[in-house]
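Kindly produce the complete structure, drawing on both the sequences and the hints.
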Amino acid sequence: MAVNGSKEQLFAQVSSSCMGLISRIALSYEADPPLRHELVQDILLAIWVALPNYRGEASVKTFAASIAQKRCISHVSKRAREPRQVELSTELASAAELPDELALRNDQQRHLIESIQQLPIPQREAIVLCLEGFSYGEMATILGISPNAVMTRCQRAKSNLRSIMGRRS
Amino acid sequence: MREPGFEDLANLWQDAEVGDRAAFEALARRARLKGRLLAYADFALVLLLAGGLLPGIVLAPNPMTIAAAVLLLVATLWLSWTRRRYRQMAATLNTSDPAAFVESSVAYARANLRRVNLSLILTGPLVATAIVFKAAKRSRGGLETLPQGLLEWVSEPRSWIGLAVVALVVLFMLRSRRRLRGELGRLEELRLDYEREKRRDAGIE
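Sequence lines, in order, name chains Z and S.
Whatever position you read off the first sequence (first residue = 1), add 151 for the working numbering.
Whatever position you read off the second sequence (first residue = 1), add 163 for the working numbering.
Be a bit skeptical, because a hint or two may be false.
Unchecked claim - With a straight-line cut-off of 25 Å between C-alpha atoms, the simulated SDA-like cross-links for lysine to any residue are:
#1 S/K361 to Z/A209
#2 Z/K158 to Z/E208
#3 S/K197 to Z/D193
Bear in mind the hints are in silico, worked out from the structure with no lab data behind them.
Just so you know, these numbers come straight off a predicted model, no measurement behind them.
Encoded structure:
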């Protein structure tokens, strides 16, 4: 392994700093909570397996996102039947807000997540990375396309997301 | 309700902290343990086979040794299956981007489907050969007495148990084939999606 730190340390770093990222990537592919739980475990195992190949050229976050996306693709392709439409739970609730604001925010959040889940996978990957705040350069590394291609794909994904959200509301 | 801008959407998205940290840490610990155990799977398989074969050579057959042999067989199959999945996962993760990952996943799914199809094709002739071999052993190799040997073999409950096991294996393979076909279909669709998206990225479509 060409990077500083042992596999254990790197894994600890990934699991402590990328919890939200991994959970949200899994959320964009799997609505069913028990299946999502399994998917997150699968992603973590895949990260452990892939760590010896981590050369430190990209950030740990980029590395984790890349592995997570691939495991999610495997998960979707292995799914025996079409995904159930699961009502997302109120566990998505965020910081302390007034009940009305909180309800509105939860509703918007649910709306956003369900709309993302409807995007074609190549666009879903791009939009999730965009929403996670990755730069076009980092996204290019993860998606294996040029930064220009990333930009156009993100534009398309954003416009599709808006039209899905518009249709749903 | 005003139309949220992309920044608002990003904030909304990043706010969706799903699950709690303790549960995530527990998952991470379990994944690490599983990863460590899997790394020693080859070694465990050798130990299992050696540990199972040695007493088998020394001990006389009795219900205990037969039960141990069945357990050994199941453990060996499970371990081999786990090692295969682990290797497949490790190999496909080495691809640089999702499109290449889908390509290699398609190749793996095709190889698995070929393997299952071949097993299904070979099961029939192999079982038939095994039955004829058993019957021939009973009839001491004589062609004329072979039907008699076959009838004797069929009349034994052990034969039916064996055939039931073979039928179960065939059913399992058919189920695997159906799943693999579904997976391959979804992966092919996904590959087309990536190709379409790539063309759009380049402004061709």
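In ascending order, which of the hints set out earlier in this document are inconsistent with the structure? No numbers; nothing is violated.
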